[in-house]
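There are 2 protein chains.
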Amino acid sequence: MHNKNKSSERISKLGEEVILNRLKKYMDDGQIDDDTALITALNKEIIINTDILVENIHFNKITSSPQNTGWKGVTANLSDLACSGVEDILGITVGLVVPGNTQWNWIEGVYEGINNALNQFGGKILGGDCSKGKQKILSITAIGTKGPLNLHRSNAKPGDILVTSGVHGLSKLGLELLLSDPFTTSFDLCEAVKERAIKAHQEPQPPLKALNKLISCKPKELPFKAAATDSSDGLLEAIECICKSSNCSAILEKKHIPIDKALPKEKHWTEWCLEGGEDFELIVSLPPPWAEAWLKSMPSTKAIGKIEKGLPQLRWSNGTKIQRKPTFKHF
Amino acid sequence: MHNKNKSSERISKLGEEVILNRLKKYMDDGQIDDDTALITALNKEIIINTDILVENIHFNKITSSPQNTGWKGVTANLSDLACSGVEDILGITVGLVVPGNTQWNWIEGVYEGINNALNQFGGKILGGDCSKGKQKILSITAIGTKGPLNLHRSNAKPGDILVTSGVHGLSKLGLELLLSDPFTTSFDLCEAVKERAIKAHQEPQPPLKALNKLISCKPKELPFKAAATDSSDGLLEAIECICKSSNCSAILEKKHIPIDKALPKEKHWTEWCLEGGEDFELIVSLPPPWAEAWLKSMPSTKAIGKIEKGLPQLRWSNGTKIQRKPTFKHF
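In order, the protein sequences belong to chains A and B.
Residue 305 in our numbering sits at position 305 of the first sequence, and the numbers go up by one each step.
Residue 250 in our numbering sits at position 250 of the second sequence, and the numbers go up by one each step.
Chain A with its partners taken away, still in its complex shape:
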């Protein structure tokens, strides 16, 4: 009963000190009492990334519990660190903005989600800031050490194979299921697929295992160098980013688009696969022997096309230009 009352308390009644005290259990020991957090990563290069989630743009009450929001704030960042070859996740800082009438259990839920993700993937809450505002906003900065692999969007070369670490479109399906999009109910989707899709949207996995497999399967004769990004803004967007940064062209195989086998073969599903976004898979451009090794060592990977000389354009293997239908616009 006491807990229930505490959960529904409006944070405007609490004040910063009470909030900070209640959140202490989630924080790294010894960081509470200082203005900054100290990180020891001697002899390692550091990579850093910031991602912002805004209520009613990136999440809302219907599609995301506070735990989901905290989880996603962390894992979206870790996905970006994975694209840059992260070795160890050192930790995150948490910037939180909430209206004064926000209930305490929303904040606690966000920190639970953050902590669940850090417990699973590594790192600690190193500090942060909170403030009142009109709208809920979670701004997370993650830092990690860089491993041996030099992953840059600009490293793609003609002759490379484009390989993705997994299937695409499930997150978008999950979102539409949560929003009760009538299109999703016009198909006879089995419950297991629906569950997987909702989980893909609410609790995405950063591609850290895929990165480790990619590193461990590298043929000895090749340098630790490849082009990569993640598909958080959509599969085609990711490939286009690699092409622009590397100044080359991509040829995709229509029959190899990485759509989940359980989904109906229909134009709409293909679009969601190509442009749905928030899939958080690695898209990597690799020399053929390395691509082959990764495809062999990780069953979820799929070769989807190749890199050629030419303008930064995407074409199907029959020569037609791929028309983009951007579904992700933040402005």
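By construction, these hints were calculated from the structure, which means they are not laboratory data.
Just to be clear, a hint being listed does not mean it is correct.
A pair counts as met if it fits within one copy or between any two copies, since identical chains are not told apart.
Only pairs whose alpha carbons sit at most 30 Å apart, straight line, appear in this in silico DSSO-like list of lysine-lysine [as the list claims (entries may be wrong)]:
(1) 194 with 309
(2) 132 with 61
(3) 24 with 265
(4) 325 with 265
(5) 24 with 194
(6) 6 with 124
(7) 24 with 157
(8) 44 with 25
Keeping the supplied structure of chain A fixed, place chain B upon it in accordance with the hints.
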């Protein structure tokens, strides 16, 4: 003419790619094309801090130009790094949330202010994220390397002298002048003081020089260890934080409170000095020989009291308990 039109463009008409392209000139080379930024700080410990500025809470149209907002977003962070003994500022990430009807020149102004601060104090823009939202929000994370000095709030010891790097209350006076508080006009303040006060509020200086002086003047026989925080939330708040973290008591000298000499001697001004906030001075608890050395080597410093055994309380030297009047509440 062309520039004028560009400045007043609403960002909702631009899209993320155009915004990112226009901001390229402010970014560190090579970070644009990757998902994360790489930092090389081999053999150094890293310190990290996040601060959020929310429109109509921390800044507004009347008190702060976009350049001021960008400058403050950086310098508030650097002030926190200074309290932890920063050596080199490595850089920042910038999280920006703005309504779709925001004009381009507001965003450009913020980045100009950010860049001015980084040019003066060191570091680069390492990356970030931007999104649409109901309200303007600037979330900055700064990282730097740690120097030789171990500064922690919990390092204060009975017998220490409390020393501040400079005067307090000017920032609050500047704020009230900008807000046309009638109280400020009831005194005959000279123009030079008004200008200094407004500058203190709009373009605060992080106490990096004060930190360097503190390090260079340390008596050889003492370890590189002291208690410190900054007075961004007010002078008394800073001293209370040190007392709580170090579990000791502070005795302050009323006649030594660090108020600017140009200000009238009146109760209200004293309150602004003690609780005004946003002064960004170092408050340091030091063994007497070190305190003396710092006071000698830096004219702006002032000894304001001492640390004693006892409960984490603040008292005047006549024994009366100091009553807090918090002026800074973010919830």
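Are there hints from earlier that the structure breaks, and if so, what are their numbers? Hints 1, 3 and 5 not satisfied by this model.
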